[in-house]
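Participant: Sequence:
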Amino acid sequence: MKHKLIYILLTLASVITYGQVNLSLDADKSDYAGKDIVNLTIVLELNGSELVQQTGFQLPDLSKFNIIGSGSVTNTVIDPATNTLITQKVSRIALEPKKKGKIKIGSVLVTVNNKIYKTEPFDVNIRDIVDKRALASNTSNDVYLNMEIEDREVYQDQPTIAVLKVYSRNMDNLRKVKNIRLPQQENINIHAVNFNKSEIDPSGNGNMASQVLAVFMVFPNEAGYVEVPGVSASVSTYSNKNKIVSNKVKLNVRKLPEGAPECFKNAVGNFNVSVYNTSKEKPEAKKPLNVIVKVSGEGNLPDMELPKIMASPDYEVFAPKITSKVSPGSTGMKGEVSASYVIVPNKSGAISIKTEQFAFFNPENKEYVDLGQATLSVNAFSHDQILESRTAVEKVNEYTNNLLETVDTPVLKTTSFKVKEKSKFHWNILLTNIAILLGLFVVYLLFKTWQKKRTLVRETISQKPLGSVAETEKEIRQSLKTDINDYFGYLENLKDNGDYEKFFATLEEMDQEVRNQYSQGSVMAFKTFLEKNNGSLIAEEYGKLQQKIQMEKYSPVKSADGIDELLKIIVNLYSQISK
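Residue numbers for the sequence shown follow this note's numbering, beginning at 1 and rising by one.
It should be emphasised that the hints constitute simulated quantities derived from the structure, not laboratory data. Ideal Cβ placement from N, Cα and C applies to all residues, glycine included. Treat the hints with care, as some may be off.
Subject to a maximum C-alpha distance of 35 Å in a straight line, what follows is the list of computed DSBU-like cross-link-like pairs (lysine-lysine) [to be verified]:
id, residue 1, residue 2
1, 178, 98
2, 325, 265
3, 548, 294
4, 527, 495
5, 287, 308
6, 366, 89
7, 100, 178
8, 448, 502
9, 29, 243
10, 29, 118
11, 321, 265
12, 255, 29
13, 347, 282
Restraint ranges, calculated between C-beta atoms of paired labels, are given here [as the list claims (entries may be wrong)]:
id, residue 1, residue 2, range
14, 175, 48, 40 to 50 Å
15, 33, 303, 38 to 48 Å
16, 372, 303, 15 to 25 Å
17, 178, 22, 37 to 47 Å
Could you build all of it, start to finish, from the sequences and the hints given here?
Facilitator: Okay, structure coming up:
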C-alpha cells in the first residue's frame with residue numbers, strides 16, 4: 001500500500017509539471033541613480049515537447065528609455081528524472097532612462113500554443129537623471145545608434161564581429177544618418193567588413209524601425225576586459241548636422257595559452273609562409289634581386305608581424321615594401337600580405353636566403369603551430385659567367401633590341417618587337433629582325449618625303465585673316481594641346497615590356513608637354529596653377545603623384561605591381577587635368 005501511494009504522488013507530480021509555461025520579467029534592482037543602466041531580464045521556460053512559442057516577446061512601452069543594447073540566448077535540456085524537454089529562452093535589454101521619478105514598466109506578452117501569457121508590471125525609481133542625448137535634436141529625439149557584439153569572449157588578436165544598427169520611430173530619419181566613423185583605440189584594431197545598409201525592419205525593439213548600417217571586425221590586442229568605444233555618425237537635416245554616438249561594449253579577452261614558441265609574436269589564425277625570387281634575369285653577384293616573403297591565410301593578417309629575412313654576410317638586405325590583398329572572411333581577414341625585399345648578393349655561387357622562424361596560434365584547435373624557417377636557394381653568377389653564357393643569337397637580339405629602343409615616338413610601339421632570349425638558334429627570328437629594320441628604314445624615307453610635300457602645300461596656302469586676341473589665344477592653346485591618349489598607350493606598352501627606364505623618361509616628357517600646354521615651366525608653378533583653376537584636391541593629388549613617381553623611379557628594383565598601380569593613378573589624374 002505504501003509503494004502504491006508513492007507511485008500515485010510521482011504520477012501527479014509529473015502531470016502537474018507536464019506542459020507548464022513560466023514567463024517572468026525582472027530588473028536587476030528597483031532604485032537607480034541618474035547614470036545607471038536599467039537591465040531588464042525576460043525568462044520564458046517551456047516544460048514539455050508539445051509547447052510551441054508562436055510569437056516573439058511583445059515588449060511594453062519603453063518610450064521613457066533609450067534602448068542601448070539587447071541580446072538573447074536559448075537553452076534546451078532534458079530532465080533525466082522525468083524525461084521532460086525543458087526549453088529556456090533568456091533575453092536581456094539595457095535601457096538608459098530619459099526622466100527621473102517612478103517609471104512603470106508594463107507587461108511582456110508571448111503566445112504559446114494559442115494562449116497568451118504575460119508578466120506582472122512593476123515600477124523602477126530613477127534619481128537625479130542626467131540628460132545625455134545620443135540623438136539629433138532636429139529629428140524628434142528619435143534616432144539611436146546601437147552596437148551589437150554577440151561573441152564577447154575571444155582570445156587576444158582573435159576577431160569578433162560587431163554590427164551597428166540605427167533605431168527610430170520615424171523611418172524617414174534612418175535615411176539621414178551618414179558619415180559613420182569607426183572607433184580608434186590603441187588596444188584594439190578595427191577593420192570594416194561592409195557599409196551596406198540593410199532593408200529597414202519596421203518592427204524593431206520598442207516598436208521602432210531599425211536598419212543595419214555597418215558590419216566590422218574588432219581585433220583586441222591585449223588580454224583582460226577591453227572596452228570598445230562607441231561608433232559615431234551624423235544626422236543631417238536641412239538646417240544643421242548633429243552627431244550621435246552608439247553604446248560602448250566590453251569584451252572579455254582571454255590570454256593566449258602557455259607554451260608559445262619563442263618565435264611566436266602576435267599571429268592568430270591559420271597561415272602559410274612562402275619565399276621566392278621574382279627577378280626574370282639570372283642572379284648576378286653585386287646586382288639586386290627582388291625577393292618576396294608572402295604570408296597567406298586567414299586571421300589577423302593586416303596587423304600581424306611578418307617574418308623578416310635574416311641578415312647574412314653572403315648578401316645585403318634592404319628595407320621591404322609591404323603590400324596586402326585582404327578581404328573579410330569567416331574567422332578573420334583572409335588573403336595575403338607580401339614583403340618585397342631588395343637582396344644584393346655579395347659573392348657568386350650558392351646562397352641560402354632564410355627568413356626568421358614563424359609561429360602562429362590556431363584558435364580553432366587551440367594550439368600553436370611552428371612553421372620554422374622558409375628558405376630560398378639562389379645560385380649567383382659572376383659578371384664574366386653571365387657574358388660567357390650568352391649565345392651569338394642572344395647577342396644579336398640584344399643589339400637589335402637596343403636599336404629598336406632608339407626610335408622615340410609614342411605612336412610607333414617599336415618595343416613590342418623586342419626579342420626574348422632563346423636557348424636555341426632560330427633563323428626565322430634573325431630574318432624577322434632584319435625585315436623589321438628594313439621596314440623601319442622605308443617608313444622613315446616615306447615619312448620624310450611626306451613631310452617635304454606638306455611643307456610645300458603650306459607655303460602655297462594663303463594666310464587666314466587675323467581674328468581677335470581671344471580667338472588667337474584659343475587657336476594657340478588648341479595647337480599646343482597634347483594628345484594625352486597616345487602617351488597613355490605608349491606608357492602601357494613600356495610597362496608590359498618591363499622597360500622602366502624608358503617608362504619614366506616618357507612620363508617626364510608627357511608631364512613637360514602638359515605643363516607647356518598651360519604655359520607653366522616648373523612643377524611648383526603648375527601645382528599653383530591647378531589649385532587656382534582645378535581646385536586644391538587636384539593640386540594635392542598632383543603633388544603626391546610627383547613624389548610617388550620619384551620614389552618608384554629611384555627604387556633599386558622596380559615592382560610590376562607598383563608600376564601598374566602608378567600608371568592607373570597617372571591615367572586618372574592627367575585625364576582630369578588635360579580636358
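Participant: Against each hint, give a clear statement of whether it holds in the structure.
Facilitator: Verification of the supplied hints:
1. Between the alpha carbons of residue 178 and residue 98 the distance comes to roughly 25 Å, so the proposed pair stays at or under 35 Å and holds.
2. Between residue 325 and residue 265, the direct Cα distance comes to roughly 21 Å. Compliance with the 35 Å bound is thereby established for this hinted pair.
3. At roughly 24 Å between alpha-carbon atoms, residue 548 and residue 294 fall within 35 Å of each other, so this suggested pair holds.
4. Distance hint between residue 527 and residue 495 is fulfilled; the C-alpha atoms sit about 26 Å from each other, no more than 35 Å.
5. Distance check on the hinted pair: residue 287 and residue 308 sit about 21 Å apart at the alpha-carbon level, within 35 Å; holds.
6. For the given pair, residue 366 sits about 30 Å from residue 89 by alpha-carbon distance, which is consistent with the 35 Å threshold.
7. A threshold of 35 Å between alpha carbons decides the hint, and for residue 100 with residue 178 the separation of about 32 Å falls inside it, so the pair holds.
8. For the suggested pair residue 448 and residue 502, the alpha carbons sit about 25 Å apart, so the restraint of at most 35 Å is met.
9. A C-alpha spacing of about 32 Å is found between residue 29 and residue 243, which places the hinted pair at or below 35 Å, so the restraint holds.
10. Only pairs whose Cα atoms come within 35 Å are accepted, and residue 29 paired with residue 118 is accepted, the gap being roughly 20 Å.
11. Restraint check for residue 321 and residue 265: the C-alpha separation of about 20 Å stays at or below 35 Å, so the hint holds.
12. The straight-line distance between the Cα atoms of residue 255 and residue 29 is roughly 33 Å, inside the 35 Å bound, and the hint therefore holds.
13. At most 35 Å may separate the alpha-carbon atoms for a hinted pair to count; residue 347 and residue 282 meet this at roughly 14 Å.
14. A hinted range of 40 to 50 Å holds for the C-beta pair residue 175 and residue 48, which are about 46 Å apart.
15. Judged by the Cβ atoms, the range 38 to 48 Å given for residue 33 and residue 303 holds: they are separated by roughly 39 Å.
16. Residue 372 and residue 303 have their C-beta atoms about 23 Å apart, which keeps the hinted 15 to 25 Å range intact.
17. A C-beta distance of roughly 45 Å is found between residue 178 and residue 22, which places it inside the suggested range of 37 to 47 Å.
When the structure is compared with the earlier hints, no violation turns up for any of them.
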